[in-house]
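Numbering of the sequence shown is given in the numbering used here, commencing with residue 1 and proceeding in unit increments.
Hints should not be assumed to be uniformly reliable.
Claimed, not checked - Label pairs and their calculated CB-CB ranges:
{"hint": "1", "residue 1": "2", "residue 2": "54", "range": "25 to 31 Å"}
{"hint": "2", "residue 1": "55", "residue 2": "28", "range": "30 to 36 Å"}
{"hint": "3", "residue 1": "27", "residue 2": "2", "range": "36 to 42 Å"}
Since the hints were derived computationally from the structure, they do not count as laboratory data. Idealized CB from N, CA, C, for every residue including glycine.
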Amino acid sequence: MNNPFNPSFGKVPPIYIDRTHQIEELVSELKNPDSPYQTTLIYGQRGSGKTAFTSALCQEI
Numbered sequence: 001m002n003n004p005f006n007p008s009f010g011k012v013p014p015i016y017i018d019r020t021h022q023i024e025e026l027v028s029e030l031k032n033p034d035s036p037y038q039t040t041l042i043y044g045q046r047g048s049g050k051t052a053f054t055s056a057l058c059q060e061i
């Protein structure tokens with residue numbers, strides 16, 4: 001039986017949409033103790049850049 005699941009982290013995509021503004025905004029909200037965005041859910045279709053976005057976010061925090 002072939003298992004298509006690969007538990008490794010995603011790769012850096014060849015073309016990455018710059019989301020600097022969104023990352024800066026989310027970092028600001030996460031660092032603000034009064035922010036309603038202390039718990040944030042990042043979701044989207046497979047291959048939409050969730051892992052690349054969260055990796056860039058982690059580098060900023």
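Verify the CB-CB distance for residue 55 and residue 28 against the hinted window 30 to 36 Å.
violated (19 Å)
For the hint 36 to 42 Å, verify it against the beta carbon of residue 27 and that of residue 2.
holds (40 Å)
Do residue 2 and residue 54 keep their Cβ atoms within the hinted range of 25 to 31 Å?
holds (28 Å)
Going down the numbered hints, you'll see the structure goes against just number 2.
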